[in-house]
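K.L.:
Let chain A serve as the given structure and place chain B on it in line with the hints.
Protein chains in written order, with UniProt numbering: chain A, 1 to 363; chain B, 1 to 363.
Calculated directly from the structure, the hints in this document are not laboratory data.
Computed from a predicted structure; not experimentally measured.
Every residue, glycine too, gets a C-beta built ideally from N, C-alpha and C.
There's no promise every hint is true.
To be verified - Some, not all, of what chain B presents toward chain A, calculated at C-beta under 7 Å:
{"id": "1", "residue": "Val55"}
{"id": "2", "residue": "Thr57"}
{"id": "3", "residue": "Leu95"}
{"id": "4", "residue": "Ala104"}
{"id": "5", "residue": "Pro106"}
{"id": "6", "residue": "Val144"}
{"id": "7", "residue": "Thr148"}
There are 2 protein chains.
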Amino acid sequence: MNPLPRIPSPRNPAPLTIADLGEQGLLQRLQPFCAPGVVGDDGAVLQPSPGQALVVTTDTLVEGVHFSATTTPPEAVGWRSAAANLSDLAAMGALPLGLTVALALPSTCSVAWLEGLYQGLAQCVGDYGTAIVGGDLCRAPHLVVSITALGEVPPPLVLKRNAAQVGDAIVVTGYHGASRAGLELLLDPDRALTGLCPPSPQQRDQWIRAHQYPRPRLDWVPWLRSALAQGQSASASRSFAAMDSSDGLADAVLQLCRASGVGAHLVQADLPLPPGLASWQGLATALDWTLYGGEDFELVLCLPETVLAGLEAASGAGVPAFGLRRVGTIVAGSQVTLHGSDPQEPGRVLSLDRGFQHFSELF
Amino acid sequence: MNPLPRIPSPRNPAPLTIADLGEQGLLQRLQPFCAPGVVGDDGAVLQPSPGQALVVTTDTLVEGVHFSATTTPPEAVGWRSAAANLSDLAAMGALPLGLTVALALPSTCSVAWLEGLYQGLAQCVGDYGTAIVGGDLCRAPHLVVSITALGEVPPPLVLKRNAAQVGDAIVVTGYHGASRAGLELLLDPDRALTGLCPPSPQQRDQWIRAHQYPRPRLDWVPWLRSALAQGQSASASRSFAAMDSSDGLADAVLQLCRASGVGAHLVQADLPLPPGLASWQGLATALDWTLYGGEDFELVLCLPETVLAGLEAASGAGVPAFGLRRVGTIVAGSQVTLHGSDPQEPGRVLSLDRGFQHFSELF
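Okay, chain A solo, but in the shape it has when bound:
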């Protein structure tokens, strides 16, 4: 009945810390989680497919900033670290070749915690058909996990931020705000019992899972490639724009518009609110979490109608329950506006300031 992944907890007879094991001992412990032959050379060797472009993306998680080691299970920290990077690959239209893990960690860190982290990492990369192909360990006063993911994509099918064009439909691959709802429930479990219409146990678990074990949308990449290739032959080899929504849906649309020199018109009634969120938290909070919550790791795509139709056809029977949802349209100008039911009203202007910005809002 509990949909959270059940990862067996690490079995360590003694409360070993990494200082007890030393670097070499630690490397031996972590070897089973990595691709064969990873531990023991200065670098990993991969063989990219001929003719493909290589995509490289890097993402860092810091204890106390992106997660709390006391409240987040290490498996979830590992899963999320891998998922965030795989999501960046998906947002470029790439499929993964492997990822490297650079860990800076305090000597008091327990080996069980570290093994849990690697278990989460290995489970996520394994679920997406790839592997940990390299890494580095060093000591630090604070836990920092830096991951670099490598992927490949046929060069004409690379998705870029700056390729949105006026008239493109803005479509998303899933609900937004569920991760934020899950975080709130983890921070204050009693909140599940409050509100006009508290979430069902199933909703609660789904939201917590969305926060702890987000799923990068690599499932859409093969369908996207097929639809984009068709779309390109029909429209003079144009490129297409995408981002993931790791920093929030509003941030993704704003970044796409800024990079492409366009604006966007979003329709409030079409926003992908998770079912049950508005009736629990009220519409204002639900909209806020949907637009600015972040960490949903869905794709935000800007596609002409014909390509969107092709994508829906390509995904066909394999399409997940949510499918694709059109949330707005790319327009001329530079403003991103959110419109209510009255098409005559000017709409609310959205700005980046409200989004997740590491060095301004958070200090």
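P.N.:
Same frame as chain A, but now just chain B:
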């Protein structure tokens, strides 16, 4: 007269911190140091050469562990971070495609310091014909620089740790111990005036430069490829072993031996002591720094005589002043022993315990 690179100090009219600029402002400041088009997409896109294997290597520098932000100029931190990764590529026989920089940094970090860091990074990668192709910024209580370097190499010419064979010569590409001498001089400048025979100002500057601005030995890679290809056609396609000496010369030999299931016989008189080191610090300390000092970033290669001769011929007129030095021989067994002038004496057994081990010795 001063051989230290003169990098102009960043000109900032106000003592800006990164919290003042915010993430987007910071990214705009750092864009000039990166390859065009890097800032602004979820990942970087590279085009590897056909038929080459991809090499990936990751390395992390932590403030207070690997450097002190108060005593190390930011340009040197940047240079060393890049150099350490390029050195790992050289140790695999690879030439660089690009590198990514993941920075976790406190909001109080000055923009001038950060720009200095990027200046050092950009200068190092530029000197070696490559570029910063991606990155990530996030806040953290402590400064952590994680770099991932990408390189490529023809698959048969990949250098591995586990390919040393009995009878191979162990050769190095430069002096060892200079970086440690430089560090000691930086920690205590007055030490340059002590000892039986203090270093000349030129030696002092060379050692400090060896510590702050180490040069990865990518210069040897083209010559190595030529000699290895010849050696392979002569000896049934065998592979060859190498490491860099970032964790010390003794550590490199021990790791090569352990991975290859062999031993080594090192000759004390052939060890690559920097000129002037023994007369300044005495032979015991000089040997200690040469074997265990670390961070010299030279190559340690295990090559049959014929390949060594081919390498010397291939490097020809282009060979740097040091050339190659044979420091010992791969032998059967598992012990690494250091031998004095009397070939009948059993030799001193070297062990990994004495080398730089992040989580044991340092705590």
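K.L.:
Now tell me if each hint is right for this structure.
P.N.:
Evaluated hints:
The interface hint given for Val55 of chain B holds, since its Cβ lies 5 Å from the closest Cβ of chain A, which is under the 7 Å cut-off. Because the closest C-beta pair between Thr57 of chain B and chain A is about 3 Å apart, less than 7 Å, the hint holds. Because the smallest distance between the Cβ of Leu95 of chain B and any Cβ of chain A comes to about 12 Å, over 7 Å, the interface hint for this residue is violated. Residue-level restraint check for Ala104 of chain B holds (minimum Cβ-Cβ distance to chain A is 5 Å; threshold 7 Å).
Interface hint status for Pro106 of chain B: violated, as the beta-carbon distance to the closest one in chain A is roughly 10 Å, over 7 Å. Restraint check, Val144 of chain B versus chain A: the minimum CB separation of about 5 Å is within 7 Å; hint holds. Annotation: interface hint on Thr148 of chain B holds; nearest CB of chain A at approximately 4 Å, less than 7 Å.
Consistency with the previously given hints fails for numbers 3, 5, ordered from lowest to highest.
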